[in-house]
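J.: Chain by chain, the residues:
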Amino acid sequence: MNDKTADKTTDQAQPQKTGAQCVIDGLVEAGCDVLFGYPGGAVLDIFNALYDAPFQFVLTRHEQGAVHMADGYARATGKPGCCLVTSGPGATNTVTGLATAYMDGIPLVCFTGQVALNMIGNDAFQEADVIGITRPVTKHNFLVRDADELPGIIAKAFYIATTGKPGPVVIDIPKNVQKQKTAAQPPKTVSMRAYHPDMPINPAEIAQFADLINRASRPLLYVGGGAVSGGASDVLSALAHKANIPVCTTLMAMGVFSDNDPLSLRMLGMHGSVAANYAVDHCDLLISVGARFDDRVTGKISAFASKATIVHIDIDRSSIGKSVRTDLGVHGYVKPVLEAVLPFVLAADHAEWIEQVQRWKERFPFTYPEQGDVIMPQFVIEQIDAVSKGQAVITTDVGQHQMWATQFFRYTRPRNFISSGGLGTMGFGLPACIGAQFGRKDELMVCITGDGGIQMNFQELVVAVEHQLPIVVVIINNGFLGMVRQWQELFYGRRYSGVMLSQHERAPNEHIPEAKKYLPDFVMMAEAHGACARRVTKPEEVAPALAEAFASRKTWVIECIVSPDANVYPMIPPGSHVAEMINRTV
Amino acid sequence: MKHIINCLVENQPGVLARIVGLISGRGYNIETLNVGPTADPTVSKMTIVVPGDAHVISQVTHQLSKQVDVIEVVNMTNRRHLDRELILLRVASQDHHGRVEVVELASLFNARVVAVQEDSVTVQMVGNQETVADFLRLLKPYEIIDISRSGVIAVGREVIEHERAK
Ligand SMILES: Cc1ncc(C[n+]2csc(CCOP(=O)(O)OP(=O)(O)O)c2C)c(N)n1
Ligand SMILES: [Mg+2]
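From first to last, the protein sequence lines stand for chains A and B. By numbering that gives the first Met the number 0, the letter at position 501 of the first sequence is numbered 500, and the numbering carries on one by one without gaps. By numbering that gives the first Met the number 0, the letter at position 45 of the second sequence is numbered 44, and the numbering carries on one by one without gaps.
Looking at chain B on its own, in the form it has when it is part of the complex (with noise of 0.2 Å):
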C-alpha cells in the first residue's frame, strides 16, 4: 500500500538531500516527493509517497521523526485528509477523431485542455491519487508523448491536536 506522509523540515539548505538519503539509503523507495514552502518561511513541508506495508512506513516515520531538521511526521494515509496530484499530459492525436475523443475523456475528468496542436492536445488535469490513476488507465490506448505529475501533496481535513512526532 501507498502511504502519503507530510513531513515538516526546517528550511535550511541539505535538508531534502538528508531526507532523501535517508529513506533511499535504507532500502526504501520514494514514489512521489514534493517539497514547497510553508506558511513559516523557516518550515518547508515535503510530501513522500513511500509504497510498503505497516512495518516499512513505521520505519520510514520513525526514521524520520529522528532526524534533527525534522520537526513533525505526519502520515497522512492514517487520518481523514485531502491530496491532489497535478498532471501535465501530452498526447497524440493523429486526427479530429482522436482528438475528438481525448478532449471528452478529459472533461469527463474535469481535466483541461491547455494547449492544442496539429498532432497533439495538451491536458491539465487535477486529482487525488484514484482519480489520477484511473484517468491514466483511460488513456491507455492512446499515445501519451510526454507526462509531468507533481507528485501528491495533503492537506489533513480537520485541525487536530498536533501529535509531535517525538
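So that you can see chain A by itself, here it is in the shape it has in the complex (with noise of 0.2 Å):
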C-alpha cells in the first residue's frame, strides 16, 4: 500500500494513473461530495486511492446502509448516490438496496469490487456473479475489462443513472484493473449509440392532450414519482390552476403538489384519502403525470377510473399502456410536455366538479379513534408535523406508520417524503435519512420507523451519532408488524402468525418461555450507539419530547409505546374496487 502511494506522489510528469485513481478521479468529475461504502479485500487499491479524495467518505455499518444511504441522498437532493463496497457478500449485501432504488428511479451509481480477470469464473475467494445478480435489479451494469475504459464507463454510468428513467448502475471492477496503469481520461461528452434519453416532444400528441383537457368536465391529475425526479411541481401547479385540476399524488410523489393547496386530494391507491379515490372513480379525463399505475394504486385494474378517458405523460415507453389501457400516450419527460401543453390549456373553473371533490374532502377526512391514555400512532405523525411546523423532511420504513406518514404529515415541498414505494423496503428509512441528511446538511429529517424496520438496519444509527447528524429517529412501537398483522386480523380470521414483536399472546408454535416487557429496549440500544433516547408512553409527552429533540440539533431516538390494535383506514382490499373501501375509525 506505502508503495501505492509512493507512485503517486512521485510520478507528477507520468500521465499515467492506476485504475483505482480512475475511480477516484471519476467521481470528482460527476461531482461527488460524498461517497458511501465498506471495504474488503477486493476493493483496497481504490480505498488507498480515496485515502487522498476531495470529497467526503462516510463509513457505513453494512452494505445495504451504503446503498440506502447513497439513495436517500439522491431522493433528498436530485443529485446522484455514489457508494463502494468490495466483491461477492459486500457486493450481495447492496442487492435490495439496489432493487429498492431500481424500482423508484433513483440515480445511483454503485462501485463493487470484483476478483481478477483471470480468476473470474474459478470460484475464488468472495467471487460472486455481481453482473449476473444484479443485472436485473439496476438500470445497467458494467464489467470493467481494461483500465483504459475506466473514465469512460464511470462517465456513461453517472450518465445513465441520471438521464432518462433515472436508476441505479453498478461498476463492478477487477482487482487488477484496479492496479492497472492508465493514461485514458475522462471524456469531454459522453454519446453511447444505443442510448438516447432526449425525448422530442411530439406536437401531434401535445394538441391532442390538450384537446382532451379542454373538453373535459370531470379532469383529474394524477401524479407519480417521475413528476419529482423530473422537477415539474411548478408547472403542475400552473397546469392545475390554470384550468382548476384537482391533484393527487402516488406514494412517490408526496409533496410534488402541496396537500394545503385547496386543489390537493392527497395520495390515492390502497390507502389513500376517499376524496382522491372517489375523484379517480367519477372523473371523465385521469391525466397520470409520471406515475406508472402500481397495483397497490389501481386496485382493480378493469374498474380503475372506468369513466375516464386515461392520458398517460412518461419517458418510460413501455410503462404507457402496461397494466391500464390508454388512450392517449404522451412519450417523453413531463415538464417540457406540461410546459408544452400549458398554453393551449383553456382556463376553466369546472366549478360543479369543484365543488363535488371538496364535499367529499370535508365529508371523509383522515380520521382516527379518540385517544385515551394510549398513545394513537396517528397522532404522532400529527405532532411531528406540528412541532416542526411542518419543515420536517420525513423518511420511513415500510408498514402501517408508513401508510399514516402519508396521511397525518403535510407535504408542502417535493423531496421533502422519502420512502421506498416500489419495493416496499423495510430497513430502508433509517440510512435513506442519513443519506438525506448528507445532502440537506441544515434541514431537520425525521425517521419515522416501525419496532420492525428499525431493527433491520439499526446499526447504521452509529453513523448518525459519529458525525453529529441532527436526525430523529421516532418508532411506532405497536409491538407488531403491525401492517401485516392488518391483513391477518381482516383477511385471515385474526390468526396472527408471525406478527407478534411483542411478547404476548403468541401462535402455540411461536412460544416462548418468559414473556419481557421491552425487548428490545430501544432506549438503551439507541443509547448503547451514543444516541439521545427517551420513551414516551401517554399522549401528553408526545410533543415535549418531540420538541426536546428537534430544537437540540443531535441524534435522537425517541421510542412511543403506541396502541397495539391501530389499523390503517381508508384501506381498499387488494385487487378490488373503490367501493368495496373500509373506512372504520374504531
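Every clue listed holds true.
Pair ranges (Cβ atoms, derived):
#1 A:D197 with B:A53: 26 to 32 Å
#2 A:D145 with B:H54: 38 to 44 Å
#3 A:R552 with B:H54: 51 to 57 Å
#4 B:L81 with A:A182: 45 to 51 Å
Covered by chain B, per the in silico footprint, the following chain A stretches (three or more residues, Cβ under 8 Å):
#5 136-143
#6 184-196
#7 307-317
Calculated directly from the structure, the hints in this document are not laboratory data. In this text the structure is predicted, and so the values were computed from the model without any measurement. Here a beta-carbon is modelled for each residue, glycine too, at the ideal position from N, C-alpha and C.
Dock chain one against chain two, each of which comes alone in its own frame, and use the hints as you go.
T.: Shown next as C-alpha cells:
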C-alpha cells in the first residue's frame, strides 16, 4: 500500500494513473461530494486512492446501509448517490438497496470490487457473479475489463443513472484493473449509440392532449415519482390552477403538489384519501403525470377510472399502457410536456366538479379513533407535523407507520417525503434519513419507523451519531409487524402468525418461555450507539419529547409506545374497487 | 400469435444474457433465438421468436428498446419480410420402403438428404415458419430420432427508413 502512495506522489510527470485513481477522478468529475461505502480485499486499491480524495467518505456499518444512504441522498437532493463496496458478500449485500432504487427510479452509481479478471469463474475467494446477480435490479451494469475503459465507463454510468428514467448503475471492477496503469482520460462528452435519453416532444400528441383537457368536465391529475425526478412541481401547479384540475399523488410524489393547496386531494390508492379515490372513480379525464399505475394504486384494474379517458405521460414508453388501457400516451419528460401543453389549455373553473370534490374532502378527512391514555400512532405523526411546523423532511420504513406518515403529515415541498414505494423495503428509513441529511445538512430530518423496520438496519445509527447528524428517529412501537397483522386481522380471521414482536399471546408454535416487556430496549440500544433517547408512553409526553429532540440538533431516538391494534384506514382491499373500501375509525 | 423480433445490439459480453434475462424475467417465452454478427463487427443481430398477443409483444419490444445496449428493435411480423429456419433431422427408416417415403417427402419440400445410414436418413431443410411447420407435420407418422433447429432468422423485403426504436 505504501508503494502505491509513493508512486502517486512521485510520478507527477507521468500521465499514467491506476484504475483505482480513475475511480476517484471519475467521482470528482461527476460532482460527487459524499461517497458511502464499506471496504474489503477486492477494493483495497480503491480505498488506498480514496485516502486522498477531495470528497467526504462515510463508512457505513453494512453495505445495504451504504446503498440506502446513497439512495436517500439522491432522493433528497436530486443528485446521483454514490457508493463503494467490496466483492462477493459486499456486493451481494447491495442487492436489496439496488432493487429499492431501481423500482423507484433513483439515480445512483455503485462501485463493486471484483476478483482479478483471470480468476473470474474459478469460484475464487469472495467471488460472486455480480453482473449476473444485479442485472435485473439495475438500469445497467458494467464489468470493467481494462483500465483504459474505466474513465469512459464511469462517465457513461453517471449519464445513464441520471438521464431518461433514472436508476442505479453498477460498475464491477476487477482487482487487477484497479492496479493497472492507464493514460486514458475522462471523455469530454458522453454519447452512446444505443442510448438516447433525449425525447423530442410530439406536437400532435400535445395538441390531442390539450384538446382532451379542454373538453373534459371532470379532469383529474394523477401524479407520480416522474414529476419529482423531472422537477415538474411548478408547471404542474400552473396547469392545475389554470384549468382548475384537482390533483392526487402517489406515495412517490408526496409534496410535489402541496397538500395545503385547495386543489390537493392528497394520496390515492389502497390507503389513499377517500376524496382522491372517489375522484378517480368519477373523473372523465385522468391525466397520469409520471406515474405507472402500480397495483397498490389501481386496485381492480378493470374498474380503475372506468368513466375516464386516460392520458399517460411517461418517459418510459414500456410503462405506457403496461397495466391500464391508455387512450393517449404522451412520451416524454413530464416537465417539457406540461410546459408544451400549458399555453393550449384554456382557463376553466369546472365549478361543479370542484364543488363535488370539495364535499368529499370535507366529509371524509383522515381520522382516527379517540385517544385515551394510550398514544394513537396517528397522533404521533400529527405532532411531528405540528412541532416541526411542517418543516421536517420525513423518511419512513414500510408498514402501517409509513401509511400514517402519508396521511397525517402535510407535505408542501417535493423531496421531503422519502420512502421505499415500489419495493417496500423495511430497513430503508434510517440509512435513507442519514443519506438525506448528508445531502441537505441544514434541515431537520425525521425518520418515522416501526419496531420491526428499525431493527433491520439499526447499526447505521452509529453513523448518524459519529457525524453528529441532527436526525430524529421516531419509533412507532405497536409491538407488532403491524401492517401484516392488519391483513391477518382483516383477511385471515385474526390468526396472528409470525407478527408478534411483543412477547404476549403468541401462536402456540411461537411460544417463548418468558415474556419480557421492552425487548429490545430501544432506549438502551440507542444510548449504546451514542444517541440521545427517550421512551414515551402517554399522549401528553409526545410533543415535549419531539420539541426537545428537534431543538437539540443532535441524533435522537424517540420510542413511542402506541396502541397495538390501530389499523390504517381507509383501505381498499387488494384487487378491489373503491366501492369496497373499508373506512372505519374504530 | 408468434412474432419475429429483430434486435440489433452492441456486440459485447453479457448482452445476450441481459436480453434473455429481460424476456424470461418478465414471464414471457422465447420460442427460438438466433444470434450472429452483422456486417458491422461491433453490432450483433438477435432474432427472437416470441409467442404472445399484441400487448405482450408491445411490452417486449418496448422493454428491449429501453436497454442501454440495444440499438434497434424491429418487429418483422409487422412488415414485409423473409424468414427462414434451417432444420436438421434424422428419421428412422427400418426398411427400403420407409426410406423412399421419407426421401420423397423431403424432395417435395426441397429438402436435401445429407446422410444415409442403415436405419435412418438425415435431412436438411430450409424454409419459412409455415413450410417448416408443414414439413414437420407430414413427418409425424415417422419416427424422428433427432432434430436440431437453427431458430428463425429474418430480413426485411425492402429497405425502409430506419425506425429507431428510441
Ligand atoms: C425487508 C422486508 N421484509 C418483509 C416485509 C413485509 N412487511 C411489510 S410491512 C411489515 C411490517 C412492518 O412492521 P413494523 O416495522 O413494526 O411497522 P408497522 O406496520 O407495525 O408500523 C412487513 C413484515 C417488507 N416490506 N420488507
Ligand atoms: Mg410495528
